[in-house]
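A.B. asks: Heads up: the sequence lines are chains A and B, in that order.
Sequential numbering from 1 applies to the first sequence in our numbering.
Sequential numbering from 1 applies to the second sequence in our numbering.
Calculated directly from the structure, the hints in this document are not laboratory data.
Note that CB positions come from ideal geometry on N, CA and C, so glycine has one too.
Each hint should be verified, as a subset may be incorrect.
Which residues of chain B face chain A? A few of them, derived with a C-beta cut under 8 Å, are [stated by the list, open to error]: (1) Val34; (2) Ala37; (3) Gly77; (4) Asp85; (5) Leu100; (6) Arg103; (7) Trp150; (8) Arg297; (9) Ala301; (10) Cys303; (11) His318; (12) Leu319; (13) Leu326; (14) Ala328; (15) Phe362; (16) Ala363.
Straight-line C-alpha distance at most 25 Å; calculated DSS-like pairs for lysine-lysine [stated by the list, open to error]: (17) Lys321(B) <-> Lys123(A); (18) Lys86(A) <-> Lys41(B); (19) Lys277(B) <-> Lys323(A); (20) Lys321(B) <-> Lys304(A); (21) Lys304(A) <-> Lys86(A); (22) Lys304(B) <-> Lys321(A); (23) Lys41(B) <-> Lys41(A); (24) Lys321(B) <-> Lys41(A); (25) Lys41(B) <-> Lys304(B); (26) Lys105(B) <-> Lys123(B).
2 protein chains.
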Amino acid sequence: MSLAYEVLATDGAARRARLETAHGAVNTPVFMPVGTAGTVKAMTVEGVAATGAEILLGNTYHLMLRPGAEVVAKLGGLHRFMNWDKPILTDSGGFQVMSLSDRRKISEDGVEFASHIDGNLFKLTPERSVEIQHLLDADITMVLDECTAWPATEAEAAESMRRSMRWAARCKDAFIDRPGYGLFGIVQGSVHGELRRESAAALIDVGFDGYAVGGLAIGEGQEMMFRVLDETVPALPATCPRYMMGVGAPADIVGAVGRGIDMFDCVMPTRSGRTGKGFTRRGEINIRNARHAEDPRPLDADCKCPTCAGYGRAYLNHLFKAKEILGAMLLTTHNLHYYQDLTSGLRDAIEAGNYARFAAEFAAGQALGDIDPL
Amino acid sequence: MSLAYEVLATDGAARRARLETAHGAVNTPVFMPVGTAGTVKAMTVEGVAATGAEILLGNTYHLMLRPGAEVVAKLGGLHRFMNWDKPILTDSGGFQVMSLSDRRKISEDGVEFASHIDGNLFKLTPERSVEIQHLLDADITMVLDECTAWPATEAEAAESMRRSMRWAARCKDAFIDRPGYGLFGIVQGSVHGELRRESAAALIDVGFDGYAVGGLAIGEGQEMMFRVLDETVPALPATCPRYMMGVGAPADIVGAVGRGIDMFDCVMPTRSGRTGKGFTRRGEINIRNARHAEDPRPLDADCKCPTCAGYGRAYLNHLFKAKEILGAMLLTTHNLHYYQDLTSGLRDAIEAGNYARFAAEFAAGQALGDIDPL
Numbered sequence: 001m002s003l004a005y006e007v008l009a010t011d012g013a014a015r016r017a018r019l020e021t022a023h024g025a026v027n028t029p030v031f032m033p034v035g036t037a038g039t040v041k042a043m044t045v046e047g048v049a050a051t052g053a054e055i056l057l058g059n060t061y062h063l064m065l066r067p068g069a070e071v072v073a074k075l076g077g078l079h080r081f082m083n084w085d086k087p088i089l090t091d092s093g094g095f096q097v098m099s100l101s102d103r104r105k106i107s108e109d110g111v112e113f114a115s116h117i118d119g120n121l122f123k124l125t126p127e128r129s130v131e132i133q134h135l136l137d138a139d140i141t142m143v144l145d146e147c148t149a150w151p152a153t154e155a156e157a158a159e160s161m162r163r164s165m166r167w168a169a170r171c172k173d174a175f176i177d178r179p180g181y182g183l184f185g186i187v188q189g190s191v192h193g194e195l196r197r198e199s200a201a202a203l204i205d206v207g208f209d210g211y212a213v214g215g216l217a218i219g220e221g222q223e224m225m226f227r228v229l230d231e232t233v234p235a236l237p238a239t240c241p242r243y244m245m246g247v248g249a250p251a252d253i254v255g256a257v258g259r260g261i262d263m264f265d266c267v268m269p270t271r272s273g274r275t276g277k278g279f280t281r282r283g284e285i286n287i288r289n290a291r292h293a294e295d296p297r298p299l300d301a302d303c304k305c306p307t308c309a310g311y312g313r314a315y316l317n318h319l320f321k322a323k324e325i326l327g328a329m330l331l332t333t334h335n336l337h338y339y340q341d342l343t344s345g346l347r348d349a350i351e352a353g354n355y356a357r358f359a360a361e362f363a364a365g366q367a368l369g370d371i372d373p374l
Numbered sequence: 001m002s003l004a005y006e007v008l009a010t011d012g013a014a015r016r017a018r019l020e021t022a023h024g025a026v027n028t029p030v031f032m033p034v035g036t037a038g039t040v041k042a043m044t045v046e047g048v049a050a051t052g053a054e055i056l057l058g059n060t061y062h063l064m065l066r067p068g069a070e071v072v073a074k075l076g077g078l079h080r081f082m083n084w085d086k087p088i089l090t091d092s093g094g095f096q097v098m099s100l101s102d103r104r105k106i107s108e109d110g111v112e113f114a115s116h117i118d119g120n121l122f123k124l125t126p127e128r129s130v131e132i133q134h135l136l137d138a139d140i141t142m143v144l145d146e147c148t149a150w151p152a153t154e155a156e157a158a159e160s161m162r163r164s165m166r167w168a169a170r171c172k173d174a175f176i177d178r179p180g181y182g183l184f185g186i187v188q189g190s191v192h193g194e195l196r197r198e199s200a201a202a203l204i205d206v207g208f209d210g211y212a213v214g215g216l217a218i219g220e221g222q223e224m225m226f227r228v229l230d231e232t233v234p235a236l237p238a239t240c241p242r243y244m245m246g247v248g249a250p251a252d253i254v255g256a257v258g259r260g261i262d263m264f265d266c267v268m269p270t271r272s273g274r275t276g277k278g279f280t281r282r283g284e285i286n287i288r289n290a291r292h293a294e295d296p297r298p299l300d301a302d303c304k305c306p307t308c309a310g311y312g313r314a315y316l317n318h319l320f321k322a323k324e325i326l327g328a329m330l331l332t333t334h335n336l337h338y339y340q341d342l343t344s345g346l347r348d349a350i351e352a353g354n355y356a357r358f359a360a361e362f363a364a365g366q367a368l369g370d371i372d373p374l
């Protein structure tokens, strides 16, 4: 294995661990902010680091189209390009090809598609995806897979998953092993337990530095998502990090950590930060709502972030009404702090053997709902 | 006088001084970033302070419409609302009423207008403008005036100026004197030296804490602007700060300081920061230009700002092409640093008796033009 991974404590299925990469250590459970096109939207890297984030996710699809993987490599890699010296995980590009590009055509070899930016044609194969992620200098490379659409028949899910497993083996062959750099496989199989176990076994047979669970949080709902985790996680090696891709809402993260997941990424805190949704210990609020217009209180009285320390809801409401960039900056800062506080709290709880109590208190806080208007 | 003002050094007409306000000292010559609607666009207040800015300008017109002066007052004033604890100067609202609002109607009493946001009707009189600025808790209040359009006949300019002088006297009557808070008069008179001198004399007769030169940089060109300054500044008291409103380009500031102006404000560094124009010691560059797409060098090799320290032109070019908010954040940061470095350099030069050399070196650097492509 090229990535050192050590489980420091467990509490039931929940794990508190540390992953060592070429650009530093990552303490898990961890939330990775999404740095789509080489920037966590509306944030400086100093601001991202100040939230407590130890690792970012970069999007292969966006970066291969603009500015191009070879350009990023020539400029010293993604870390130097975007001035982030901590670890970076890149996705394979497969998910965005399916959700964003035009005229995509999937075959055994890979996927051909037209860029959503200018219509130019590209081809992404397992080998090219690994090469791009190498050019970007990703600490953690993800295998190219197909995120099976939901719902899918068992036959469709099986065919899609088995092709992804053949692609995973090709990615392993293409990956250049280096100390501190690793390659993660991705379990597919939709909501079918048998297929998930078959997928996990196929990946273990190839051998990866970590194992992701893909194809969830795409419409199946939290209950089914948790059931799939219950059926999948036990089939994954206890000695490797487990990553649930594209997830999720705070309650999803708390529940998935209790089922043995270590790593998460999601656009939710950043995207919400630009549309006016704030995450708090008492649930979500829409800062555009008129009830906040003259309310001097912070978003979340228990939050220690710079936004809650320096600004009231009235100011944030004003910034969003006036379409000021600072609104997105301040709310994204808060939301990312919220997510980092959540995973930091989970780490502490697991170390103390208090995961269950933490989860219960989290749920009770969310159920309270927002503070009453003044 | 309610604002302490001390001239520390002079070099020809250029002055190095210090202005003391209720929220701290301002070293002049000073550039005031524009915080239009209670935010310097695309900047945190920490980021603005880190550029070296000691005072911001707030816009009465924008804030009276949204969120409303009484709302800001209820929330503790503009400093607390926007989390900026240093001095704030507010304009009177008159300039934006003329340039932004619909269906404006000017009379001896004041100006009636429809909000550009929702069409609601407002009236701004000298008394109401001063009251609003009091509610905002501005350290420096500006008198309500009419920025005489350019070009104007001498008769039009005289009529407009004389009404502004009557309004200035009403503003003085309405202003509530407090230690650390001051009221500035505004000289009008278009490009007519006689009218400018008449206006200055009228203001001095009323008595203000500072004297602004308004109605410039609205199309008359730099040569005529400097001529008006040459005819106006000698008519202003040597013992009070002089403020040239809405100016300007770096070369305008250097030239005006040499003519005895102490204070400046302009949207240029912030607006340009959002559209891709960067200010450098070798002139202006458009970061969207393809020549920068693979250039790892900073915007300005001699700049110590966080943008130039951490990012290359290629990255900034990428951010602007990808329409990423961080592009505006980083370029605005650089541009504000550039303006603060410029005024800091002017202060040092005046103290050392080197204004003329500084101005010559500034002009020589600008004339060099941007570095050659790689």
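A.B. asks: Hint by hint, say whether it matches the structure.
C.D. replies: Checked hints:
A distance limit of 8 Å between C-beta atoms decides the matter here; for Val34(B) the minimum to chain A is near 13 Å, and the interface restraint is violated. The restraint placing Ala37(B) at the interface with chain A holds, with a minimum CB-CB distance near 5 Å, inside the 8 Å limit. Interface restraint check for Gly77(B): the shortest CB-CB distance to chain A comes to about 12 Å, outside 8 Å, so the restraint is violated. The beta carbon of Asp85(B) comes no nearer than 10 Å to any beta carbon in chain A, farther than 8 Å, and the hint placing it at the interface is violated.
Because the smallest distance between the Cβ of Leu100(B) and any Cβ of chain A comes to about 13 Å, over 8 Å, the interface hint for this residue is violated. Taking 8 Å as the C-beta cut-off, the interface hint given for Arg103(B) is violated, the closest approach to chain A being about 22 Å. Using the Cβ-Cβ criterion of 8 Å, the hint placing Trp150(B) at the interface with chain A is not satisfied: the shortest such distance is roughly 30 Å. The criterion of a C-beta within 8 Å of any C-beta in chain A is not met by Arg297(B), whose closest approach is roughly 11 Å, and the hint is violated.
The interface hint given for Ala301(B) is violated, since its Cβ lies 17 Å from the closest Cβ of chain A, which is over the 8 Å cut-off. Interface hint at Cys303(B): violated, since its Cβ lies 15 Å from the closest Cβ of chain A, which is beyond the 8 Å cut-off. With 8 Å as the threshold, the beta carbon of His318(B) comes within range of chain A, its nearest partner Cβ sitting at about 5 Å, so the hint holds. Hint on Leu319(B) holds. Least Cβ distance to chain A is approximately 6 Å, under the 8 Å limit.
For the restraint placing Leu326(B) at the interface with chain A, the shortest Cβ-Cβ distance is roughly 4 Å, inside the 8 Å limit, so the hint holds. Because the beta carbon of Ala328(B) sits about 6 Å from the nearest beta carbon in chain A, less than 8 Å, this interface hint is met. Taken as an interface hint, Phe362(B) does not check out: its beta carbon lies about 30 Å from the nearest beta carbon of chain A, beyond 8 Å. At a threshold of 8 Å, the smallest CB-CB gap from Ala363(B) to chain A is about 33 Å, leaving the interface hint violated.
A distance of roughly 23 Å separates the Cα atoms of Lys321(B) and Lys123(A); the hinted pair therefore holds under the 25 Å criterion. At most 25 Å may separate the alpha-carbon atoms for a hinted pair to count; Lys86(A) and Lys41(B) exceed this at roughly 29 Å. With a CA separation close to 22 Å, the supplied pair Lys277(B) and Lys323(A) stays within the 25 Å bound. In summary, the hint linking Lys321(B) to Lys304(A) is not supported, as the alpha carbons are separated by about 35 Å, beyond the 25 Å threshold.
Between Lys304(A) and Lys86(A) the CA atoms are separated by roughly 23 Å; this keeps the pair inside 25 Å, and the hint holds. The straight-line distance between the Cα atoms of Lys304(B) and Lys321(A) is roughly 35 Å, outside the 25 Å bound, and the hint therefore fails. Between Lys41(B) and Lys41(A) the CA atoms are separated by roughly 16 Å; this keeps the pair inside 25 Å, and the hint holds. Proximity of Lys321(B) to Lys41(A) is assessed by CA-CA distance (about 14 Å); at most 25 Å being required, the pair is judged to hold.
About 21 Å separates the Cα atoms of Lys41(B) and Lys304(B), which keeps this hinted pair within 25 Å; it holds. The hinted pair formed by Lys105(B) and Lys123(B) meets the criterion: a straight-line CA distance of about 9 Å does not exceed 25 Å.
In summary, the numbered hints that this structure violates are 1, 3, 4, 5, 6, 7, 8, 9, 10, 15, 16, 18, 20, 22.
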